[in-house]
Amino acid sequence: MRIGNALRSDFPILDQQVNGKPLVYLDNGATSQKPRAVIDAVAAYYVHDNANVHRGLHALSMRATAAFEHARTRLARFINAADPAEIVFTRGTTESINLVAQTWGAANLRPGDVILATEMEHHSNLVPWQMLAARTGATLRYVPVTGIDAEHGLDLAALDQLLTPQVKLFAFTHISNTLGIINPVAELCRRARAVGAVTVVDAAQSIGHEPLDVQALDCDFLVFSGHKMCGPTGIGALYGRRALLDAMPPYEGGGGMIETVEYSHSTWKPAPERFEAGTPNIAGAIGLAAACDYVDAVGRPAIAAHDHHLGALARAALADLPGIRILGPRIGEPRAGMVSFAFEGIHAHDVITVADQQGVALRGGHHCNMPLMKKLGLPSTARASFYLYNTEEEVATLTATLRKVLKFFA
Amino acid sequence: MPSADELFLAVIDDHRLHPRHRGPLPSANRVARRDNLSCGDICTVQLRLDPEGRIAEVAFTGAGCALSQASASLLTVCVTGLPASAIPALYQQIHDTVTTGRPPEGTDLGDLAALGSVHARPARHSCALLAWQAILAAIASPAV
Ligand SMILES: Cc1ncc(COP(=O)(O)O)c(C=O)c1O
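Chains A and B supply the protein sequences, listed in that same order. Here the first sequence is numbered in the numbering used here, starting from 1 and rising by one per residue. Here the second sequence is numbered in the numbering used here, starting from 1 and rising by one per residue.
Derived from the structure by calculation, the hints contain no laboratory data. Don't take every hint at face value.
Which stretches of chain B does chain A cover? Using the computed rule of at least three CB atoms under 8 angstroms from a CB of chain A, they are [stated by the list, open to error]:
| id | stretch |
| --- | --- |
| 1 | 38 to 45 |
| 2 | 59 to 66 |
| 3 | 120 to 128 |
Here are the in silico distance ranges between beta carbons for each label pair [to be verified]:
| id | chain 1 | residue 1 | chain 2 | residue 2 | range |
| --- | --- | --- | --- | --- | --- |
| 4 | A | Lys375 | B | His125 | 23 to 31 angstroms |
| 5 | A | Ala6 | B | Asp111 | 29 to 37 angstroms |
| 6 | A | Pro12 | B | Arg33 | 43 to 51 angstroms |
| 7 | B | Glu52 | A | Lys375 | 44 to 52 angstroms |
| 8 | A | His48 | B | Tyr91 | 38 to 46 angstroms |
| 9 | B | Pro104 | A | Ser9 | 41 to 49 angstroms |
| 10 | A | Pro12 | B | His125 | 27 to 35 angstroms |
| 11 | B | His125 | A | Gly278 | 32 to 40 angstroms |
All C-beta atoms in this analysis are idealised placements derived from N, C-alpha and C, irrespective of residue type, glycine included.
Bound conformation, chain A alone:
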């Protein structure tokens, strides 16, 4: 199987020294690195085919349009959407969520309705719902996270009380970017459907890491970013069930989303164009399609197994460090490929600065999850997050580096 060390040479950026040490890139939860195939696909588009899409009748425009629409079809296949028209290109997860909030949400929510989220959501799956609640008079509630280190994940017992018929929308993450917890998406969708709630699945951390099948999950909306799955920044998608998308009002107004325009009014194209006003990120979409090809050539079951293995290895190795507090699943429980931790008396930013001196790239802070950190009583944590090119040796380097940090701040 081609994974870990065997595919590092596909990623040119990994072959460098940082502060005199070989780069150990463990910040994949923030963004992944890009394989040569993706970089080349973007460059080839600009070298050979660049033109605007959907409007031109000349050769380059037709080629660009074909490549852009091929990317949509490729993404649909990547998540097993029934119809490419269910894929709306966006800038990424954040824009996809805001799109649902501003279109579906504004059209469907009334005072007295409930928006349900969870306590482990990233700010981008929390703030748009706060704004929507303020605008519509709906109430925002949260499924609690349980365990002193959030090790028990979502309180599924509390879900029955929370999932009342007033809940119109249930938004939750597939994998927590802070805890490494993997939520039971299909079960959550099933229970939401039983009360008639529409589901929004944040797949930012699972796309490109886990097999994903929107029909098997039976979700209504699913959102993700290309940059976390080997693709370019500035491109991502909203998957929406066809019937829902067709009934939604437009998002932004402009070129590309209209059928007819008169000075007094306009009419809209059907989905997905209705939601894609203006010139889209054509190169990004093409790069993202190449990322789908790359990820699927390695194989998502293999990537998931590799990620989970490194996550478990790191979880177990770090547990031996003095004064450490590790968030999320306990040893032996399922965990995505990441570990967030805090040392007694050492601030996460100091940990990260010293690790950076050793060439090890970690993330630190509140991980865009301020309320959860507050609930757990932590100002911040450091996080190591893994992807398909990381290795067991890098987990060992991480552990050795953290020992140095401890020695330095002893």
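Place chain B with the ligand on chain A using the hints.
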């Protein structure tokens, strides 16, 4: 172990390990707190201005990264005895030192020059400046 990072020069490390004037100042007549929301650093500066407007005593409390707390400790040593009116100009010099790596031409900041070691890490400038923002606010605040 030698310094793991240029950030933790001997001066800063000394203040981190042996903070000066850390704790409450019961005689204080000015106080202000500043928080670094992005990383959870907290710094409260308390000081006593004498009738001539000089900083007679100063102390800090807080929690956070090594840099924010060492910078606060350094501050207490360096501003004691200065007129409060000198603090805004000193703040500007510290700010320039942190952001460029060097004290402005013609100034001698002594140990404070060590704060310039953070300049290559923009995300940490706010850690180094936190206590200085707190003292600026403290001298501008009404007497307590
Ligand atoms: C769980 C989760 N949701 C949403 C986002 C936001 O993604 P983006 O910044 O690409 O829009 C992230 C990115 O960190 C994430 O981890």
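So which hints don't hold here, by number, going up? Violated hints (numbers, rising): 5 and 8; every other hint is consistent with the structure.
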